[in-house]
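I would like the entire structure built from these sequences, with the hints used as guidance.
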Amino acid sequence: MSSKNKFSIHNDTIDISRPEWSVVAQASYRNDYYEEMTKVTWGMDDKHYVRNGKLGYLHIYMMKKWYGEDMVDNLHQSGWIVEHMNNRGNDCRISNLTFMLGDENKAKGFSTDKYIDELQWHLAVSMFHDFSTQCYQVTIGCNDAIITRDDTGKQRHVQDIRLLYDYRYQAYNIVVNEVTHLLLTYRQTKRFSLSGMTFCKKRVDFCPDFELSEDEYKQAIVRREEVPYIVLGNGMSWINSVHYTPGWKPDD
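Numbering-wise, the sequence shown is residues 1 to 252 according to this note's numbering.
One thing to keep in mind: the hints can contain errors.
As the list claims (entries may be wrong) - Listed below are the simulated PhoX-like cross-link pairs for lysine-lysine, each with C-alpha atoms no more than 25 Å apart in a straight line:
| id | residue 1 | residue 2 |
| --- | --- | --- |
| 1 | LYS4 | LYS47 |
| 2 | LYS202 | LYS249 |
| 3 | LYS6 | LYS54 |
| 4 | LYS64 | LYS39 |
| 5 | LYS218 | LYS201 |
| 6 | LYS64 | LYS54 |
| 7 | LYS106 | LYS47 |
| 8 | LYS202 | LYS154 |
Simulated from the structure, these hints should not be mistaken for lab results.
Quick look at the structure:
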């Protein structure tokens, strides 16, 4: 029997859909299991978790393919679960999955995940796990006007920030705690500082330096020399998420 799902590959991602689904499920592409997972039909529950009767939950299936079945089963028996870092059950890409103790996962659901959703139109904060380096990355898209000094001392508007956490010293729960503190601080003061955080590397991208006319400020996108730029802060467009930097390592 053929699958009732539609599968398509975009770069390293498999998109999985069905006509009755409200969202698309995603998994990481690898040739060695693609045929197996596309032969069956995947269903989705009301929390967007994806499951097949034979292969089980898609997020656990992914982790077993990437980390090995024995490792996942042993961690499960010790109280660890497979965690969706962005709290979306349909996003089963390996960069969105990690291991977390069950109780810590529940605490994250009542705090960090809620703050990320609440503040996403101000700060679009995302967490990722790079399988190739085992490092965690936090990205911050600045929908609000965030101003700091660049390397020359000039004050500039920040477009986005990327933070790298060395897996040898900073576990996932540390990353979650620091993200929670950053969001709570911004929620209360409309300001945040990276001082005191334990990331090992950071990268800051600044907004282009050019003036907008009154009419341009009311648009979602403007162009300079045929290059499109998103206009933030006018309620027309937002940064939803900033992608992580694959292969970024502490010694880079």
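Hints, verified against the model:
no.	hint	result
1	LYS4 - LYS47	holds, 20 Å
2	LYS202 - LYS249	holds, 11 Å
3	LYS6 - LYS54	holds, 18 Å
4	LYS64 - LYS39	holds, 18 Å
5	LYS218 - LYS201	violated, 36 Å
6	LYS64 - LYS54	holds, 14 Å
7	LYS106 - LYS47	holds, 15 Å
8	LYS202 - LYS154	holds, 18 Å
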